[in-house]
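Q: Based on the sequences and whatever the hints tell you, model everything.
There are 2 protein chains.
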Amino acid sequence: MEEDPSQVAETTTTTTSSVEGVGEGEERDLESNPLNQPLLKRSRTLSSNPLAIVGAKVSHIESLDYEINENDLFKHDWRSRSSAQVLQYIFLKWSLAFLVGLLTGLIATLINLAVENIAGYKLLAVSGLVEKKRYLTGFIYLTTANFVLTLFAAFLCVCFAPTAAGPGIPEIKAYLNGVDTPNMFGASTLIVKIFGSIGAVSAGLDLGKEGPLVHIGSCIASLLGQGGPENYRIKWRWLRYFNNDRDRRDLITCGASSGVCAAFRAPVGGVLFSLEEVATWWRSALLWRTFFSTAVVAVVLRAFIEYCNSGKCGLFGRGGLIMFDVSDVTVTYHAMDIAPVALIGLIGGVLGSLYNHLLHKVLRVYNLINQKGKIHKLLLSLSVSLFTSICLYCLPFLATCSPCDSSITETCPTNGRTGNFKQFNCPDGYYNDLASLLFTTNDDAVRNIFSTNTATEFHPLSLLIFFGLYYILGLITFGIAVPSGLFLPIILMGSAYGRLLGIAMGSYTKIDQGLYAVLGAASLMAGSMRMTVSLCVIFLELTNNLLLLPITMIVLLIAKSVGDCINPSIYDIILHLKGLPFLDANPEPWMRNLTVGELADAKPQVVTLRGVEKVARIVDVLRNTTHNGFPVVDEGVVPRVGLAIGATELHGIVLRAHLVKVLKKKWFLQERRRTEEWEVREKFTWIELAEREGKFEEVAVTNDEMEMYVDLHPLTNTTPYTVVESMSVAKAMVLFRQVGLRHMLIVPKYQAAGVSPVVGILTRQDLRAYNILTAFPHLAKSKEREKGN
Amino acid sequence: MEEDPSQVAETTTTTTSSVEGVGEGEERDLESNPLNQPLLKRSRTLSSNPLAIVGAKVSHIESLDYEINENDLFKHDWRSRSSAQVLQYIFLKWSLAFLVGLLTGLIATLINLAVENIAGYKLLAVSGLVEKKRYLTGFIYLTTANFVLTLFAAFLCVCFAPTAAGPGIPEIKAYLNGVDTPNMFGASTLIVKIFGSIGAVSAGLDLGKEGPLVHIGSCIASLLGQGGPENYRIKWRWLRYFNNDRDRRDLITCGASSGVCAAFRAPVGGVLFSLEEVATWWRSALLWRTFFSTAVVAVVLRAFIEYCNSGKCGLFGRGGLIMFDVSDVTVTYHAMDIAPVALIGLIGGVLGSLYNHLLHKVLRVYNLINQKGKIHKLLLSLSVSLFTSICLYCLPFLATCSPCDSSITETCPTNGRTGNFKQFNCPDGYYNDLASLLFTTNDDAVRNIFSTNTATEFHPLSLLIFFGLYYILGLITFGIAVPSGLFLPIILMGSAYGRLLGIAMGSYTKIDQGLYAVLGAASLMAGSMRMTVSLCVIFLELTNNLLLLPITMIVLLIAKSVGDCINPSIYDIILHLKGLPFLDANPEPWMRNLTVGELADAKPQVVTLRGVEKVARIVDVLRNTTHNGFPVVDEGVVPRVGLAIGATELHGIVLRAHLVKVLKKKWFLQERRRTEEWEVREKFTWIELAEREGKFEEVAVTNDEMEMYVDLHPLTNTTPYTVVESMSVAKAMVLFRQVGLRHMLIVPKYQAAGVSPVVGILTRQDLRAYNILTAFPHLAKSKEREKGN
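For the record, the sequence lines run as chains A and B. Per my numbering, numbering through the first sequence is continuous, rising by one, with the last residue being 809. Per my numbering, numbering through the second sequence is continuous, rising by one, with the last residue being 809.
Bear in mind the hints are in silico, worked out from the structure with no lab data behind them. From a predicted model like this one, the values you see are computed outputs, not experimental measurements. Incorrect hints may have been included.
Which copy is meant is left open, so a pair is good if it fits within one copy or across any two.
Okay, derived cross-link-like pairs now, DSSO-like style, lysine-lysine, Cα gap no bigger than 30 angstroms in a straight line [as the list claims (entries may be wrong)]:
#1 Lys-715 x Lys-685
#2 Lys-95 x Lys-685
#3 Lys-681 x Lys-623
#4 Lys-332 x Lys-530
#5 Lys-703 x Lys-715
#6 Lys-95 x Lys-623
A: Structure (structure tokens):
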């Protein structure tokens, strides 16, 4: 599983380039922006090696084929598909969406149950020891338990599925944008993610189960779609329809939505999260199916909560469809309250983008440590765990005990696992406010800090300590090798600062401090993750208070605007850091000044194949290039003009995978001739071609066979999307992204004998701003100049 | 304003066609589906006349230019745009979004105030008469008041702005899809819509102010974007940036969302409604700005409600951000409740699609009546008003009086304007349940029928009468010449049938009858309008009860699925009926079997212009064709090959509007030569070219000038989107819609001397399934066969 260190070295050193004349000056210019420094150094050509960091390893990444490959086989299959088969497909599509929701709901239930029970018994035991004033024993107990749980999670992650570390959301985003990252959606990743997440969350680390749940949902969707894990697939005939990138994409979108829904119990929020943050393409049919999945999750969660209400789930007691319910608060606000609300947004935006900035730095450092090997990864995780345990246990001793307020109906002090007003080390009738926040699970901490009508519960100093601690923990915990979500840490930080602000406002405002905490959490989320509508709906479903909506909106708008002025969103930063070739929605302004023709000139000459091609040539091309698509060009007769000298015809594009299949199946012809449709249909089925399998290394062709021919016509996608060479890169990129392409052919704007019908071919890597700027440094300069103006 | 009857006749009779051999048999085949019968008969060629019914008149419609026209002028402008200008633009964009929200909010407030007061005083007076047993006087009073109010609304609509009739949502949908309908977003439409809506809603007609509010929001947005009404525009320099179709589209999306938000006080629902139902293209930047607009609306509404709470708004008393609040109900449901919930969805789907079907028939009949002239339109509206008044007043007398239940905390009986348990003709201590539903405003009727914990309030027979009456009223009211929304009539029907079902379920279910009413309303909405997520969120925000969410989802899913099996959504039916060339999201399956080359062959030869063209030729082309774009083809030298005989070059596409501008400005050259960039920049600015103005009829060119030349190069969009002739229509359509095109050039797949670099040009009309099927009837047959399988 460990990757070859030479590979990294290679990619770091191969800086042969087509732009030799570029000095170091430009390089520095380019990379003065922190976002322009991915962890992998790339060579200064277009279409550099498709490498990215996947789970702290450098891996080969591939683009996905979302385009419908309209070759003869496909068209035949399409025409001959019976109504029964279409119904099968539709039925299966909905069944899979149902199963994704069901399984995600069940696994979320399992994780919740496990976390609440493990963390619950742990805290109960420690709190018993603290009550008996056996502080040291309590400390050792807590630290050891957390250490073991972290070790369990990190060991699983490091040894069995490095891709399970982190939230997984950036990789899902990249997948839905068209980038396949290896081992992201496998069975081992899924299992490690589930148990790793249980371990890490129970260990009291400053991370959430939300991000991992999104990844879990996506893994389930992917596995269901392909009929099971890699080596134990169900070879069910129906399922083969789903063995293509398009249907997998839809399923994974459902999975991601289900995950968010399971995490926040927010079905509408889940759909919107996928729509706003994760998905690149969206159709209203998908909205509809995603919604179905999240509805199933919501029903499963509700059923489970009802079951648990009868006390059969161990320590999992309270709960409901809404996690942090503040619906009992009558929200009253006036024009006057706009000022503090705007302030929350403003500070949230600044703090959020500062968090992004710092986290970026921390991740770079962590990457250096993680690259050193498994032991280093483990040690890093365990040190963070130790630090966390020490802080969580020791800091509450700094807080002074406060007397319980008899006017509050809640029990005070509490000593159990849940509940506000923790007694901890205080005498009876007193509570330790810092312990109420630190000596509890993260979920309960949020619930406590959101609690309303308890204006004097938390001392400002306690909140400040809490905020500072969690800002630091949030930074150092995210990058360790355990499944970790970003949502909860940010909510914790945000709620603390929001409540602090609420206290600072004092009598100026009529808004409850608990609501300040909610708004603070929202603002920091918006400041860091830059979501708006989905976040708003998630908070709505989380807090069950519709009257908060207008002020939440204002907070989110301000926080996002402020954050956007400072740096990109945290997911964009991680995507760039990992080197995933994510295509942004909007082209850069300078892309209008460059044509795709110029871009094609900066690339090596396009490799074309003839309609009926020699086997030797195909083998040669496959061996010596890494391209995944080859234009097929015929010489021939032009209708309406007749036989013309030098006339050529663009037949389409053939995929590498299909060429490999032809070679493996040895579908060769003795003479140079075109085949009949039935000949190819005997050898290949459309479904077979849609699968992403087969490596060139497995091909063995004899010398005799080398002299034979292959008719590529029936395998060629005759309807590739094309652009004329005079097209601007900006518009080409819009086409590439909107239609979801892997290859885009460039056709000449000239019409004459002797002109090749294909000028070039563009892929995702060619259209990335960073790659173009390295190949055309003068554009970078003009960009800088524009900014300077 | 009245249209020329000869024009209709012309389009009805010109059935000259390129497919002469097609018999009547095929025609019937094609049109056996009710959706294949638009009101306008079209000729059997591709690109038939762009006519549609706009506000009951046949009008010329045009496509919009959403594509960025990258000609030399644009590129120069783009390069030279200073940061200050960019900031101006961004600032203005957000200011306009703010203003759209603000004005929509204020106008919604005005409409609410006016309706509540007018209808309130009317009902108060009548209820006073009824109390005094002066039944006949009461009847005359009510009928006369409603008659006058309807007359007012219908007169405004008929005489000043026929486009203000109906909801306007289908036209907005078409606009955002790229179809411009004349007079849809003008100042007169806006004013008539506002006052017409007040009149029609106050008149007690079975229609809502929701659809009109969406249209009002869009009108405001459009007017703001262009700086005021047609003849009184502000010629402010900043605003000129917005005088193009792209920015207008974004603004209108904001306007539509604001309208929904104002109608239901549902900010998130408003955004989602635009996203799911109205908009064709969606960018996350737009999500963000739309959200801002709806947030402003929500704040305005809230401020106004707070102001009115102090009693300064006349009869507008109750209210809040949530219209039909059922948040006080503790929702408990179990697995057992799935059955009735599924049943609601099922019946809702059937009733909804039945409603669509019947409404389609009624609208066809109404169209015949409306075509006869203004008087007929007025008479139709007034007859509906009379019928409505008679039913609303007389039917409650059929109901028996029920004794008030003392266990209910609400006042009973009530006599005022609002309130449940209307006394009407009953003795003290008794109430008339049918009067509680009929003798009130529509808003209050919904509120009463949604009321919870009042299980015995409504007699099943009363509900049945109510349901039947409103099903009929909903059918006959929608098509009359007043601003009318569909939401409220459907909610009224749905809630009645839902509550009936709840009573029928009896003790089987634990769900409150009020919730049954809510679910019934949702199911009928989904069954008729086929929205899912947006509807769910609107209901969530409307009812303020999150725990209803999972069951609402199930109801919506089932109702929509059932409805989709039967017929298209009501908006699609109206779009098709009006003949608006709406491009669907998904291509038809048979489109894969047709290439764009074949499509181009079925059209007349493409008309191309030369790079430097004679004035006479341009005038000739503009006079004799109706095309809006012409490919510009140069003869010339091919780089890398040299001067080639018969070599040609595709330079781009020039728009009709720009040619007209050239002719009007007389930018002619004495000799055939290419111009310098500064020459054209002296004459034209980019902003000027972006405007949609100028008619060919206004052009006057002398005979001398006819012999001069025009250099089209600087005005040509050099980066048109193109497809190769072998591209399938299905994929071409995806490109056309996804990128938002008006013209798509077809380039040859052959490369040879003498081949034209443009094979054809496709527009929206060419890609519509209905048009293609008329030109290629064999495809229709294969389609039928496929269905038959």
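Q: Next, verify each hint and record whether it holds.
A: Each hint, compared with the structure:
Taking the shortest Cα distances, Lys-715 and Lys-685 sit within 30 angstroms of each other inside one copy (13 angstroms), while across copies they are farther apart (63 angstroms). For a Cα distance limit of 30 angstroms, the shortest separation of Lys-95 from Lys-685 inside one copy, 21 angstroms, qualifies, whereas the shortest one across copies, 52 angstroms, does not. Taking the closest pair of Cα atoms, Lys-681 and Lys-623 come within 30 angstroms of each other only inside a single copy of the chain (28 angstroms); across copies the shortest separation is 41 angstroms, beyond that limit. With identical chains, the CA atoms of Lys-332 and Lys-530 are at most 30 angstroms apart between copies only, with a shortest distance of 24 angstroms across copies and 42 angstroms within one.
For the homomeric pair Lys-703 and Lys-715, the shortest alpha-carbon distance inside one copy (19 angstroms) is at most 30 angstroms, but the shortest distance between copies (60 angstroms) is not. In this assembly of identical chains, the alpha carbons of Lys-95 and Lys-623 lie at most 30 angstroms apart only when taken from different copies (25 angstroms versus 33 angstroms within one copy).
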